[in-house]
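There are 2 protein chains.
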Amino acid sequence: MTRADNHHAWRHLVDAAELTRFTVEALRAAGAPPHDARVTAEVLVAADLGGVESHGVARLRRYVEGLHSGAINPHAVPEVVSDRDSVCVVDAHNGLGQPALCTAVDLAVERARRFGTSAVMVRRSNHMGIAGWFAERAARAGMLALVSTNAVPQVAPMGTNEPMFGTNPFCYALPTPGGTLCFDGATSTVSRGKLEQLDRLGGPMRPGWALGPDGQPTTDIPETVQGLIHRKGYALLPLGGGESDHGGHKGSALSLFIELLCGPLAGAQWSRHTYQDGEGGLGHFVFCLALDALGDADAIRAGVDGLAHEVREGAPVDPAHPVRLPGDRRRRLTAERTADGIPVLESVLADLDDIAAFVGIDPVRGQTCVL
Amino acid sequence: MTRADNHHAWRHLVDAAELTRFTVEALRAAGAPPHDARVTAEVLVAADLGGVESHGVARLRRYVEGLHSGAINPHAVPEVVSDRDSVCVVDAHNGLGQPALCTAVDLAVERARRFGTSAVMVRRSNHMGIAGWFAERAARAGMLALVSTNAVPQVAPMGTNEPMFGTNPFCYALPTPGGTLCFDGATSTVSRGKLEQLDRLGGPMRPGWALGPDGQPTTDIPETVQGLIHRKGYALLPLGGGESDHGGHKGSALSLFIELLCGPLAGAQWSRHTYQDGEGGLGHFVFCLALDALGDADAIRAGVDGLAHEVREGAPVDPAHPVRLPGDRRRRLTAERTADGIPVLESVLADLDDIAAFVGIDPVRGQTCVL
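Sequence lines, in order, name chains A and B. 2 is the number of the first residue of the first sequence in this note's numbering; add one for each residue after it. 2 is the number of the first residue of the second sequence in this note's numbering; add one for each residue after it.
It is possible that part of the hints are untrue.
Heads up, the list lumps identical chains together, so a pair's fine if it works in one copy or across two of them.
Straight-line C-alpha distance at most 20 Å; calculated SDA-like pairs for lysine to any residue [as the list claims (entries may be wrong)]:
hint	residue 1	residue 2
1	K233	G52
2	K233	G315
3	K195	E224
4	K233	V318
5	K233	A316
6	K195	S245
7	K233	D221
8	K195	Y276
9	K195	G228
Read the hints as simulated data drawn from the structure, not as lab findings.
Work out the full structure, taking the sequences as your base and the hints as a guide.
If you want it as structure tokens, here you go:
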């Protein structure tokens with residue numbers, strides 16, 4: 002198949018409820034208990050609804066295979082192993098990341114309601130999907146929330162070409178009268194998911210995104226994607242790139258902040274040592290600040306709304322593109338796709354059909370279309 | 002004076018204690034009470050000691066003039082106006098930013114010791130120097146601390162060319178066995194202070210740092226510096242620059258996070274509306290997480306130290322430059338300059354002499370040298 006064909010690959014529109022039904026059944030069949038399957042499916046489908054396909058059902062296979070092989074423990078129950086007023090630590094016991102982090106978020110919300118602020122760390126966890134889902138859950142409960150995770154080592158800290166850090170998202174959310182304002186983005190300049198997407202679409206890749214195994218900048222997408230997947234010494238660069246002139250030391254420091262929290266402070270592995278000894282060993286964290294502990298909650302909401310309004314009204318650089326705030330695109334896509342269905346690539350649907358056959362459930366029912 | 006002359010301008014080595022003595026006396030003479038003068042001087046001299054000259058005594062004039070004219074209230078006493086367990090709000094009553102934020106940090110430390118985490122916001126404040134000084138103060142008390150402030154509007158959010166955000170530092174610190182690990186950097190790609198420094202040294206300026214009043218990228222340093230100072234429609238770009246391909250939307254979202262906290266959440270102005278109606282109206286915030294609330298503090302410290310050690314041992318991109326961690330350079334310079342004296346530019350010393358004559362105190366005693 003040529004790249005041009007690939008770009009126009011057949012897609013299928015799948016109803017969100019149907020995609021959720023399928024994902025829950027697949028996870029159940031692989032051994033996950035009902036609640037864990039439901040939470041994990043919600044997080045995955047939320048990514049597809051919001052246009053973050055790299056973190057959606059395209060990743061279902063690794064969860065199903067992980068549960069099936071025991072690399073992810075289907076019987077794990079997240080356990081609060083340390084509890085000190087506004088600070089708790091949750092041990093995920095090598096279970097699915099989503100239910101463990103969901104437990105942590107709900108605990109963080111409860112503690113922030115009691116004390117005003119809270120921090121809950123998660124250790125011995127696995128991949129947990131999009132951080133934004135969790136931050137938005139806390140925001141709906143009246144919180145300013147900060148959520149992150151470490152990950153497989155792919156990012157070179159400033160000054161070295163060794164991939165040591167994860168893509169460690171910086172993610173926050175808070176409620177506004179116009180809906181939840183939520184930002185969720187990797188602290189590398191681009192994520193591997195974005196490179197994979199560009200690889201499918203035919204590029205281009207820009208200098209300042211990644212280094213080859215020789216430590217030199219590379220712009221070869223297929224090689225970089227494969228080099229990252231197979232850990233052949235390729236490295237993504239932190240936000241700002243590899244030069245301090247463009248602020249690479251700042252992106253690196255931001256990523257380090259998340260490494261410290263999700264690694265040693267959570268009692269988890271830091272990214273460089275994740276996925277060793279047969280388990281992920283990931284760490285996550287949640288910070289919450291209860292907005293009503295700050296004083297007049299209505300005045301705060303009005304102030305946030307005013308700021309958001311003024312930024313959106315800023316003179317656009319490109320008149321065809323009004324200024325957007327974090328989460329605007331995701332909210333718009335979610336509304337559209339909830340109404341019209343979620344576009345799923347031919348290749349992803351084929352993968353889901355494989356999974357259906359593997360675990361013995363009904364395949365996804367969708368409507369074929371060209372988008 | 003040519004640029005080459007300027008580059009080799011005479012400098013003076015001034016003992017840190019003498020520079021502190023001078024700064025305290027100047028602030029006292031301008032009306033600040035002893036404690037406020039002492040804290041403000043410590044923060045300013047710490048910047049000069051650590052190599053952040055843009056935030057050191059080169060800024061003393063604006064404090065002295067502000068106190069003298071009443072634009073900064075010398076009689077202000079920071080007041081806790083809201084107190085809800087781990088969350089407090091401090092009104093600086095338009096006094097000096099340093100004593101107000103110092104009050105907030107000490108309160109945040111006390112509350113995090115009681116509850117595990119804390120958040121203290123400051124409203125109606127003024128410029129407070131380097132955020133790192135405050136984060137390090139909390140780190141020495143056993144905290145992971147996050148400190149920031151908003152500022153005069155100079156940064157264009159992603160998608161617009163209007164300067165609306167401050168350079169809003171992202172700043173954190175935590176204790177490690179090898180000393181405090183502290184990062185403190187503007188969330189714009191470069192700060193105006195860095196541009197001013199390059200202007201003195203003769204450039205170069207890189208694309209992706211700033212926009213001219215026409216919304217187009219500019220690399221004219223003198224014009225950009227003057228355009229920013231006199232608010233002629235020039236704007237700095239967020240970390241990642243003006244294009245989402247390089248992650249500019251991420252830097253913009255990071256800056257927005259700080260705007261929200263220091264503006265509406267603190268009950269302060271957001272950057273766009275600071276310095277109106279005769280006062281700064283700035284906001285700051287402090288988050289603290291008491292490390293010993295997480296469990297085994299020794300294990301955490303060892304984990305942090307191990308991570309720092311491994312990153313420093315990473316294969317360097319340039320063999321002449323081993324990998325550094327945030328704060329390494331500042332700590333080294335502080336040790337050197339504490340021992341040998343602080344190099345002060347001829348032009349800055351002339352400014353301090355002017356201040357001495359204006360408020361009627363002894364001038365700075367230094368030793369002239371060529372560096």
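Comparing the hints with the structure gives:
Proximity of K233 and G52 under a CA criterion of 20 Å is satisfied in neither setting, with 30 Å inside one chain copy and 39 Å between copies. In the homo-oligomer, the alpha carbons of K233 and G315 lie at most 20 Å apart only across protomers (16 Å), although the nearest pairing inside one protomer, at 44 Å, exceeds that limit. Taking CA atoms no more than 20 Å apart as the test, K195 paired with E224 passes inside one copy only; the shortest distance there is 14 Å, against 37 Å between copies. Taking the shortest Cα distances, K233 and V318 sit within 20 Å of each other only across copies (17 Å), while inside one copy they are farther apart (40 Å).
When the C-alpha separation of K233 and A316 is checked against a cutoff of 20 Å, the pair qualifies only between copies, where the shortest distance is 15 Å, while the shortest distance within a copy is 45 Å. Taking the shortest Cα distances, K195 and S245 sit within 20 Å of each other only across copies (12 Å), while inside one copy they are farther apart (23 Å). In this assembly of identical chains, the alpha carbons of K233 and D221 lie at most 20 Å apart only when taken from the same copy (14 Å versus 42 Å across copies). In this assembly of identical chains, K195 and Y276 lie within 20 Å of each other by CA distance neither inside one copy nor across copies; the values are 22 Å within and 41 Å between.
Only within a single protomer do K195 and G228 lie at most 20 Å apart by alpha-carbon distance; the minimum there is 15 Å, versus 37 Å between protomers.
Comparing the model with each numbered hint stated earlier shows that hints 1, 8 do not hold.
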